[in-house]
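**Q** One line per chain: the protein sequences are E and S, in this order.
Each residue of the first sequence is one higher than the one before, counting from 11 in our numbering.
Each residue of the second sequence is one higher than the one before, counting from 362 in our numbering.
Treat the hints loosely; a few may be bogus.
As the list claims (entries may be wrong) - Here are a few chain S residues that sit away from chain E, every Cβ distance over 10 Å (derived from the structure):
1. VAL365
2. ILE368
3. VAL374
4. GLN375
5. GLU376
6. ASN385
7. GLN394
8. PRO400
9. ARG421
10. GLY427
11. ASN432
12. ALA439
13. GLN441
14. THR443
15. VAL470
Unchecked claim - Here are some chain E residues pointing at chain S (derived, C-beta under 8 Å):
16. PRO18
17. PHE20
18. PRO49
19. GLY52
20. GLY68
21. TYR74
22. PHE116
Said to hold, decoys possible - Computed footprint of chain E on chain S; a stretch qualifies when at least three of its residues, placed anywhere within it, have a C-beta under 8 Å from a C-beta of chain E:
23. 411-419
24. 462-469
These aren't lab readings, by the way, just hints derived from the structure by calculation.
Source: prediction; values computed, not measured.
Glycine included, every Cβ here is placed at the ideal spot set by N, Cα and C.
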Amino acid sequence: NAGVTQTPKFRILKIGQSMTLQCTQDMNHNYMYWYRQDPGMGLKLIYYSVGAGITDKGEVPNGYNVSRSTTEDFPLRLELAAPSQTSVYFCASSPGLAGGGRELFFGEGSRLTVL
Amino acid sequence: GQQVMQIPQYQHVQEGEDFTTYCNSSTTLSNIQWYKQRPGGHPVFLIQLVKSGEVKKQKRLTFQFGEAKKNSSLHITATQTTDVGTYFCAGDQTGANNLFFGTGTRLTVIP
């Protein structure tokens, strides 16, 4: 019953540091997504992937990078962390196109603070 | 770009009162989904509406999709403390690879 697993759950970074948020799903979903959620705001799409080897930008991709070497894994890389990247990050997966009749399954989130 | 607005941003109700949140899109949607996020938790899928004018019920929750497919509502009858959380609508245009999430309505239920 793992579903979508994200690590770490919490992390504090200094400005300029880099890190990778890990995301793994065991549902054999082709579609995976990274969202960020800021206080009082909805979820904004950072990057998404429609299958291994294929990724594309979402609404707010600047400052982030992704890769999708396997169906299961979709890590999110933060380069040169900035205070504006302080947020809660959610990874999600879907059997098909999000909104195309396919619900999103979310991980439990990763709370990142950049000081 | 597509925008999905949600009102109200916050709602406090006494336990047993009804609650409604409204979702409005700047463009016609192919479908709309609703999610619930408990405090400190992650969004969990509730339902999807596809047809114009569609109404679906889940126990005390009633979901509606507008005739023009540009707005939607979620109504909870006789709220309970277990209803506490933030409710998000999320919609997309035909062929889009992304769900555009509303800003959410945070519901507090006072016992």
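**Q** Hint by hint, say whether it matches the structure.
**A** So, going through the hints one by one against the coordinates:
no. : hint    : result
1   : VAL365  : 7 Å, violated
2   : ILE368  : 13 Å, holds
3   : VAL374  : 19 Å, holds
4   : GLN375  : 24 Å, holds
5   : GLU376  : 24 Å, holds
6   : ASN385  : 13 Å, holds
7   : GLN394  : 7 Å, violated
8   : PRO400  : 12 Å, holds
9   : ARG421  : 21 Å, holds
10  : GLY427  : 17 Å, holds
11  : ASN432  : 16 Å, holds
12  : ALA439  : 26 Å, holds
13  : GLN441  : 23 Å, holds
14  : THR443  : 19 Å, holds
15  : VAL470  : 19 Å, holds
16  : PRO18   : 15 Å, violated
17  : PHE20   : 12 Å, violated
18  : PRO49   : 11 Å, violated
19  : GLY52   : 4 Å, holds
20  : GLY68   : 6 Å, holds
21  : TYR74   : 15 Å, violated
22  : PHE116  : 4 Å, holds
23  : 411-419 : violated (count 1)
24  : 462-469 : holds (count 4)
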